[in-house]
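Protein sequence lines, in the order shown, are assigned to chains A and B.
Going left to right, the first sequence walks through residues 0 to 380 as numbering that gives the first Met the number 0 numbers them.
Going left to right, the second sequence walks through residues 0 to 380 as numbering that gives the first Met the number 0 numbers them.
Please keep in mind that the hints were generated in silico from the structure rather than gathered at the bench.
Check the hints yourself; a few may be wrong.
Repeated chains share a single entry, so a pair holds when one copy, or any two copies, can fit it.
[As the list claims (entries may be wrong)] With a straight-line Cα cutoff of 25 Å, these simulated PhoX-like cross-link-like pairs (lysine-lysine) come out: (1) K177 x K286; (2) K298 x K286; (3) K162 x K280; (4) K20 x K66; (5) K48 x K376; (6) K286 x K232.
Values in this document were obtained by computation on a predicted structure and should not be read as measured data.
Protein chains: 2
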Amino acid sequence: MKPVSLAILGSTGSIGLNTLKVVDQHSRRFQVTGLSACNNFKLLEKQIKKYKPSHVAVGQEGLDHFKKTGIKGVTFYPVKDCTQIASLKEVDVVVLAMSGTGALFPFLGAVRAGKTIAPANKEALVIAGDLIMDEARQHQARIIPIDSEQSAIFQCLEGQRSKPAVVHLTASGGPLRKVRSKDFKRMTPKDILRHPRWKMGPKITVDSATLMNKGFEVIEAKHLFNLSYSQIKVLIHPEAIIHSMVEFADGSLLAQLGITDMRLPIQYALTYPERMPTGLKGLNLAKLGTLNFEKPDLKRFPALSLAFEAARLAGSMPAVLNAADEEAVGAFLKGKIDFLSIYKIVEKVVLRHTIVKNPSLQAILQADQWARIEAQKLIGS
Amino acid sequence: MKPVSLAILGSTGSIGLNTLKVVDQHSRRFQVTGLSACNNFKLLEKQIKKYKPSHVAVGQEGLDHFKKTGIKGVTFYPVKDCTQIASLKEVDVVVLAMSGTGALFPFLGAVRAGKTIAPANKEALVIAGDLIMDEARQHQARIIPIDSEQSAIFQCLEGQRSKPAVVHLTASGGPLRKVRSKDFKRMTPKDILRHPRWKMGPKITVDSATLMNKGFEVIEAKHLFNLSYSQIKVLIHPEAIIHSMVEFADGSLLAQLGITDMRLPIQYALTYPERMPTGLKGLNLAKLGTLNFEKPDLKRFPALSLAFEAARLAGSMPAVLNAADEEAVGAFLKGKIDFLSIYKIVEKVVLRHTIVKNPSLQAILQADQWARIEAQKLIGS
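Whole structure, please, built from the sequences with the hints as guidance.
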């Protein structure tokens with residue numbers, strides 16, 4: 000069998016590294032054709048030597064470095080041109096392992112090239128889900144999400160002839176689930192970054208604490224599975240063993256379960272429609288003993304309601320929500336604002352925004368820019 | 000759309016009544032063509048008047064009754080000839096709602112007639128699973144199980160391109176899960192018949208107490224899903240919300256969840272591949288709060304090990320296991336033997352049996368008869 004040719008965009012981040020572990024586990028099945036990384040060019044260099052990609056995108060410092068050292072058989076691109084790698088003829092699957100809105104152009108490029116796209120990135124679908132999904136249908140690009148919740152829904156729906164009535168997105172509840180509301184104000188980035196279930200980057204961990212992350216997933220799920228917002232519910236499940244569930248018209252639910260290791264959904268996307276051993280230890284429910292569930296507390300975590308509302312309003316609003324949140328969380332992580340101000344700032348920006356309906360890509364990017372500027376005004380210097 | 004024509008064999012029992020409730024819920028979708036009942040001909044008469052079947056099988060007392068009263072447009076059969084109803088040309092789906100080995104012939108008849116069969120009956124598959132499944136393949140008969148666990152597995156596998164690595168059958172643990180082993184001896188039928196999760200007949204409730212019922216389901220699942228015994232595991236899950244799970248090669252699991260109401264799996268089988276509203280309230284995991292899991296205690300419930308062993312030995316052994324158990328449980332329910340003697344008797348009969356490999360139908364029935372006689376000897380008078 001011809002190996003599957005991969006482009007891994009964001010190969011030095013957490014998802015990128017886990018993707019390469021999956022490649023290691025099934026090295027004959029995959030060929031790494033493209034890699035990209037923004038900053039960590041030293042790790043990228045090691046990856047180039049090990050996986051021998053023919054196309055690599057990297058930030059300016061890395062470009063300068065590789066220009067000096069040179070690596071035979073590798074074409075280098077500025078990181079902003081990683082879209083070219085995503086749409087290379089020889090690439091079968093594009094893993095979008097980078098975070099941030101920077102993933103939007105490579106996502107669109109891959110979709111237009113009719114690739115299979117395995118996105119871990121949330122932002123692109125949140126801000127431009129309609130555009131991406133329209134293009135995906137047009138170019139018959141297949142999207143197999145890597146995010147554990149979206150992968151769970153994808154797996155539950157795989158081959159089912161019935162459409163889902165409701166999708167239940169599970170959420171660990173984040174690091175503040177057991178913290179009293181009155182203590183939220185004095186939560187430092189350090190307090191927040193001790194996330195109980197999934198090891199993730201700092202931005203997404205803060206978004207888990209506010210439940211904004213789950214709000215983004217609501218928007219993602221809407222686009223990925225062609226749902227209305229009223230068909231999406233959030234369920235707190237601290238053990239994060241049930242990765243999400245689908246409920247059908249008859250009240251029957253299918254759930255996908257597994258250990259909390261990103262290699263599972265990554266491998267699923269890369270070997271789809273086959274399933275192969277992961278080399279990881281399996282789930283032992285008897286040993287685990289108990290799974291818990293509770294309703295999300297929307298009073299303590301208003302960001303989730305706000306996300307549902309922004310999602311319902313649609314148009315340019317999700318882009319504004321995302322941009323304002325990125326700025327506010329960034330300011331929190333730098334110690335510029337306190338934890339509760341994240342929500343306050345995002346809410347204010349959202350309320351000030353005049354929605355553009357059915358926005359073009361340009362209108363989305365304008366809304367994004369506008370929201371960042373508004374947020375920065377509120378953050379202050 | 001032409002209504003689906005149903006034959007409901009065992010229409011006055013618990014599964015039969017629930018099947019008719021499903022028919023009531025979607026009355027335009029179904030036409031009841033055949034009904035059968037052994038004894039309760041008064042209830043059967045009401046059902047005949049309401050659902051207007053054209054073919055009815057009933058025990059001798061009922062036959063006599065209907066001969067006297069007469070019902071226009073209904074052909075009556077002795078209950079042993081209900082196989083004829085199962086294979087009627089105009090029948091689409093045969094619901095095997097009767098318990099006991101008596102279901103074997105109608106099951107085979109329906110399979111040979113290429114029907115869709117919705118079995119709630121365990122015995123037929125336990126004693127003659129190989130024969131039934133061979134004939135089903137030959138005649139392209141579809142079997143959509145109604146048993147909640149088997150239905151769950153069927154639903155989890157529906158449309159999946161990967162074969163299951165392991166099937167996890169969940170078990171509520173039965174009425175003795177929290178009872179100390181030393182108290183087992185003095186358990187009366189009355190103690191046992193307070194089953195915590197599913198309302199069922201007395202025989203199956205006693206089998207739930209010994210976990211023999213789960214052992215039978217292991218054998219059933221083996222046949223229904225073409226598994227080896229090493230691919231089947233049992234997991235105690237007292238809330239009975241996860242009805243069973245399928246684990247794939249990558250360690251990912253799919254689970255089917257729902258409220259504990261038999262109308263769910265019955266309706267699924269009857270409307271397959273569609274799913275329709277049930278009119279029942281849905282599952283509320285947040286309200287439920289907790290799901291628990293534990294390993295089955297094979298020391299306290301040796302019947303489960305015995306069933307696995309009989310299952311592994313195969314041939315005529317499962318038929319012997321089933322027959323000996325039916326006799327022993329019957330004797331327990333009549334107060335002839337104590338609770339612990341159920342296992343002792345079944346084990347002795349199993350140990351005394353000389354296995355017939357690849358048994359014919361006749362050999363299976365002989366083994367069944369032999370086991371009943373052996374069990375009765377041990378029960379005494």
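Practice item. Mind listing which of the numbered hints don't hold for this structure, in increasing order? Key: Violated hints (numbers, rising): 4 and 5; every other hint is consistent with the structure.
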